[in-house]
Amino acid sequence: MAGHLLQLKTQSIKGSVRHDAPERATAIIAIAVTCLLAVLALLVIGAMWERDADMRGAVAVVAGTMVAIGSFLVSASAAEPAIDPRALIMSGRKPVVAAWESLLSSFIGVAPLCLAIVLAGYVALWRDEPASLGLGLAGAVVTWMLMVTLARLGSLTGRLTSDRGIASDVLSATMLVAVLAASPVLFVLVTAPWESGAGTVIRLVAAGLAWSPFGAALAAPATLVTAGTVPAIVQLGIGVATLAIAVAVWLWLGTRLAQGALGRRPASAKLDLGLIGALGRTPAGAVAARTVTYWLRDPRYRVVLTVVVLVPLLALVPLALAGVPETVLVLLPVPLLGFFFGWALHNDLAFDSTALWLHITAPMDGRSDRLGRALPTLWAGSVFVALGSAVTGLITGEWFVAISVLGVSLCLLLSATGISSITSVIFPYAVARPGDSPFSQPVSSWGAAAWTHPVTGLLAFVAAAPAITAGIFGLVTETWWLHLVALGAGVVVGACVLAWGIVAGGRRYETASSDLMTFATSA
Numbered sequence: 001m002a003g004h005l006l007q008l009k010t011q012s013i014k015g016s017v018r019h020d021a022p023e024r025a026t027a028i029i030a031i032a033v034t035c036l037l038a039v040l041a042l043l044v045i046g047a048m049w050e051r052d053a054d055m056r057g058a059v060a061v062v063a064g065t066m067v068a069i070g071s072f073l074v075s076a077s078a079a080e081p082a083i084d085p086r087a088l089i090m091s092g093r094k095p096v097v098a099a100w101e102s103l104l105s106s107f108i109g110v111a112p113l114c115l116a117i118v119l120a121g122y123v124a125l126w127r128d129e130p131a132s133l134g135l136g137l138a139g140a141v142v143t144w145m146l147m148v149t150l151a152r153l154g155s156l157t158g159r160l161t162s163d164r165g166i167a168s169d170v171l172s173a174t175m176l177v178a179v180l181a182a183s184p185v186l187f188v189l190v191t192a193p194w195e196s197g198a199g200t201v202i203r204l205v206a207a208g209l210a211w212s213p214f215g216a217a218l219a220a221p222a223t224l225v226t227a228g229t230v231p232a233i234v235q236l237g238i239g240v241a242t243l244a245i246a247v248a249v250w251l252w253l254g255t256r257l258a259q260g261a262l263g264r265r266p267a268s269a270k271l272d273l274g275l276i277g278a279l280g281r282t283p284a285g286a287v288a289a290r291t292v293t294y295w296l297r298d299p300r301y302r303v304v305l306t307v308v309v310l311v312p313l314l315a316l317v318p319l320a321l322a323g324v325p326e327t328v329l330v331l332l333p334v335p336l337l338g339f340f341f342g343w344a345l346h347n348d349l350a351f352d353s354t355a356l357w358l359h360i361t362a363p364m365d366g367r368s369d370r371l372g373r374a375l376p377t378l379w380a381g382s383v384f385v386a387l388g389s390a391v392t393g394l395i396t397g398e399w400f401v402a403i404s405v406l407g408v409s410l411c412l413l414l415s416a417t418g419i420s421s422i423t424s425v426i427f428p429y430a431v432a433r434p435g436d437s438p439f440s441q442p443v444s445s446w447g448a449a450a451w452t453h454p455v456t457g458l459l460a461f462v463a464a465a466p467a468i469t470a471g472i473f474g475l476v477t478e479t480w481w482l483h484l485v486a487l488g489a490g491v492v493v494g495a496c497v498l499a500w501g502i503v504a505g506g507r508r509y510e511t512a513s514s515d516l517m518t519f520a521t522s523a
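Going by our numbering, the first residue of the sequence shown is number 1, and it counts up by one from there.
The reader is advised that the hints may include incorrect statements.
Claimed, not checked - With beta-carbon atoms standing in for the labels, derived distance ranges:
hint : residue 1 : residue 2 : range
1    : Asp-52    : Ile-28    : 33 to 43 Å
2    : Gly-260   : Val-324   : 55 to 65 Å
3    : Ala-120   : Gly-237   : 15 to 25 Å
4    : Val-324   : Gly-134   : 44 to 54 Å
5    : Trp-379   : Arg-256   : 48 to 58 Å
6    : Leu-458   : Ala-120   : 37 to 47 Å
7    : Val-324   : Glu-478   : 12 to 22 Å
8    : Thr-477   : Leu-310   : 27 to 37 Å
9    : Leu-321   : Val-249   : 27 to 37 Å
Note that these hints are calculated values from the structure, not bench results.
We put the beta carbon where it would ideally sit given N, CA and C, even for glycine.
All chains should be modelled from the sequences, with the hints used to inform the complete structure.
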């Protein structure tokens, strides 16, 4: 089997660079870029040859994490390799065997070879201590197998999304996540202690990535030197567990893909409703699914989300110029991100006015409409608030303070969402129609909404006052349990305001349905 796979893969590589191959230029450029990156990586390893173990491990963790994520994303946009489970099953193999052989064939190629050479150089960095050398070898093997498997999963993901015609939605979702993640990442870059040197920044970033699924195995040798055997073994275990999960996911997907090649049921016979089919079992779920679809496809929503990311960062500029200490600035972006995430719903009916009449004529109860429009914001906002709070803890090194940041941020997110669920029904204002430029907003039609929405948005900060107060006192007095109080108060108060907003907004939605219909047809 191994010889047969090697022969097939070799012929595939040769065929991609033949003079009559349709993608010959692309294949040659990809091979050249891969080799160039490998040479650059070896030069970095050479520069780390005499550095301390902590610095060597930090560089390896940061670079390894970037390569792992990049291998998945780049492979998702690349062409499907020739050795596919659907092709192997036609030669008489069982589906699971075809999936295994397809995965094994992925370890043969230019990119895996270059990666193996670079990882061999990484192993050589730990030449001084036999224990570190052995752990480095184990971590390198796990990382090599994980990156190749991730690349294979990325390639399969790209193929499946292309076959199902949802490639544009997946790309939009990826860009959406990238934009939302840009806020904490940019803040880390802005507040990082660059005056202490780039090495300090690299160590700071590596401290968090060293326990991530993609960087843990590479961090194990340095951890063995600096922290002891047990943490190093745990990190290697994280890498092995991540590899096992990735392989299991591939085997499951590859087996199903191979079974589908037998033609038991044509793909055209299946009606795929996407998110609406998955979430549309309830009225609120159907509204949430359609809202997510709009996020991915409507440029008006993208502009709003971009503003949500940029405003917290821009708000720091005058504060920094005024001399506010970095220890205070570092606590502000995540709560502001949570607030603007929820407050962005303050005019959601206007953005969805073309479908509003469907809800009114259905008729759909107001609470389902309000909850359905709020769910995507709550899902995405909670995830990014939690991640941003973790980044805050990583920067400050004060994890109890990060708990307060999480509590305040969740309270602002939940409260702003609840209040927006009411104000969007009472004070809607016209926005650009679908298909128009997102920047063609009719300012003359704002009316009372020009001042009511900013003022009512401040109510979210009033609701978060207990959590903010507890967090400030906990920070000043260094009392750890006050940070837990801030988290509890933030979640409880925010949930109460959200529930009140959904119920009150739903009631107002039902009583003012005729006015909303008039607004929807005239906006």
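Status of each hint after checking the structure:
no.	hint	verdict
1	Asp-52 to Ile-28: 33 to 43 Å	40 Å, holds
2	Gly-260 to Val-324: 55 to 65 Å	58 Å, holds
3	Ala-120 to Gly-237: 15 to 25 Å	23 Å, holds
4	Val-324 to Gly-134: 44 to 54 Å	49 Å, holds
5	Trp-379 to Arg-256: 48 to 58 Å	27 Å, violated
6	Leu-458 to Ala-120: 37 to 47 Å	59 Å, violated
7	Val-324 to Glu-478: 12 to 22 Å	20 Å, holds
8	Thr-477 to Leu-310: 27 to 37 Å	35 Å, holds
9	Leu-321 to Val-249: 27 to 37 Å	48 Å, violated
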